[in-house]
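*Asks:* Protein chains in written order, with the working numbering: chain D, 18 to 364; chain C, 75 to 235.
In short, the hints are calculated from the structure, not lab data.
Worth double-checking, as some hints may not be accurate.
[To be verified] Pairs of lysine to aspartate or glutamate residues, derived as DMTMM-like cross-links and limited to a Cα-Cα distance of at most 25 Å, are as follows:
no., chain 1, residue 1, chain 2, residue 2
1, C, 130, D, 171
2, C, 107, D, 50
3, C, 107, D, 328
4, C, 114, D, 59
5, D, 336, D, 171
6, C, 182, C, 128
7, D, 31, D, 296
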Amino acid sequence: MTDPLYSILIAVIKAVIIFAVILQIVPLLVYFERKISAWIQDRIGPNRVGPIGLLQPLADVIKLAFKEDLTPQGADKWIYRLAPVLVYAPAVLAFTVIPVGIDLQVASFDVGVVFLLTISGFSVYGLAFGGWASNNKYSLLGGLRASAQMISYEVAMGLSIIAIMMTAETVDLNEIIRQQWGSGTLGLLEWNLFKQPIAAVVFIIAAFAETNRLPFDLAECEAELIGGFHTEYTGLKFATFFMGEYVAMITMSGLMVTLFLGGWSVPWVEIPTSPSMVDMALSIGFFSVKLFALLFFYIWIRWTLPRFRYDQLMGIGWKVFIPVSLVNLGLTAVAGVLGWKWLIPLP
Amino acid sequence: MANPPGAREEKQERKTATTDPRKKASFTVPVAKGLINTLKHILRREPNTIHYPDEKRTPYPGYRGEHRLKRDELGREKCVACFLCSTACPAHCIEIVAEEAPWDDREKRPRLFNIDMMRCIYCGMCEEACPCDAIELTPVFNIPSRTRAEKIYDKEKLLSL
Ligand code: SF4
Ligand code: SF4
């Protein structure tokens, strides 16, 4: 059992299964996004390909695969090819530390949160390189905006995670989840969403900026930048960018579920010490339900809000979120010293 | 005339909606309002669109689609080749060549009557101009073709529609 080969094999199997599942969620998510946007806009949405349009994402992929693969003149070829991978890979890598079931993750680190932050920060290189290498002024502007935006929001995001680490007194994600489990009538209030409401709000909004989703998707705004950093990308390279964006969304939602919504645990349901297969499946189910709820929230926001102006984006980031999360850190410290569990002491 | 109901409130609302750019805007309330609104749409799910090729919309009366030339009771074309339609046509897409009419009640009839449907803007001016009520726009709107040449309708085609 302790054979290193055996543990490597287990790790590989876990990795393959989890990656395969994420890759299956992406088309599903694209389908949901198209359907929900259609409902919001009083349309019908995709319903032609396959039963109730479920095969539409497949058709999209096939279409993209048959598109001509262009490299613009004067583009920096290697960086141009590298950029989509640099967006996609960190998003997938970051997912490895997110526990999807009871103690079930591809790579269990003691420093899960820190690793996640580091890795997800890498995707900015993909956007910046893509913008730079395409030899197109709009792409370059998109890339610049992406980097500025991600750097600013990473600060706020990091600060709100520090607040969580302070209340949890650990950086192990499974431990953080265990601490959010509660029994009794007020079990739900053990969630960090209620223990750390300010951090939660800041984190959720920063996550939108971090994944370049709509109210903050200035890097690819169609109106001024004709697609921004991916203007020049076609075919499967574009598809990789696209997938990267969606995987980043899944990863961020997974992280939010873990940090704020109690991860795979559910209040009132006892966490078994030696989980059986059924417990495992149930915990994965709880995680997925929460994950999809958050993904729905992402999509819902996207089709509700218009894009922010660039100065508004930066203003919110630097003048609101960073001070607010700093104050929150101070409050958390005080609460920690006083031994309060919640920032606002509950009766 | 009194304003239609609601117009005044709308005007007032617009006034309050324009904020002073120097004033700090708060996003919370508008964002929440927007989210509630879109959620209502998700839950209501009453699409305004239709499954087009399966379900066809009935055009409204007065819809301006493809043209046709009308015939009189004797089965002759009503058109007397007066060129008023081609003069009125803002897109210059009606081409008429006249010839002597073999009938006593009119001097001319068209030998050639071509309408270039690709240039036509479906404005209906030809129908307005025609003194003999000979040309008319039908509500037919789904008129695809594979070549441009097919879209130049000649007299036979227009009469047969
Ligand atoms: S509908 Fe307008 S554009 Fe078309 S043929 Fe008649 S007058 Fe010309
Ligand atoms: S206006 Fe009427 S009658 Fe005159 S040429 Fe045109 S279709 Fe014929």
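*Asks:* Indicate, hint by hint, whether the structure satisfies it.
*Replies:* Each hint, compared with the structure:
no.	hint	result
1	130(C) with 171(D)	51 Å, violated
2	107(C) with 50(D)	21 Å, holds
3	107(C) with 328(D)	23 Å, holds
4	114(C) with 59(D)	11 Å, holds
5	336(D) with 171(D)	14 Å, holds
6	182(C) with 128(C)	45 Å, violated
7	31(D) with 296(D)	17 Å, holds
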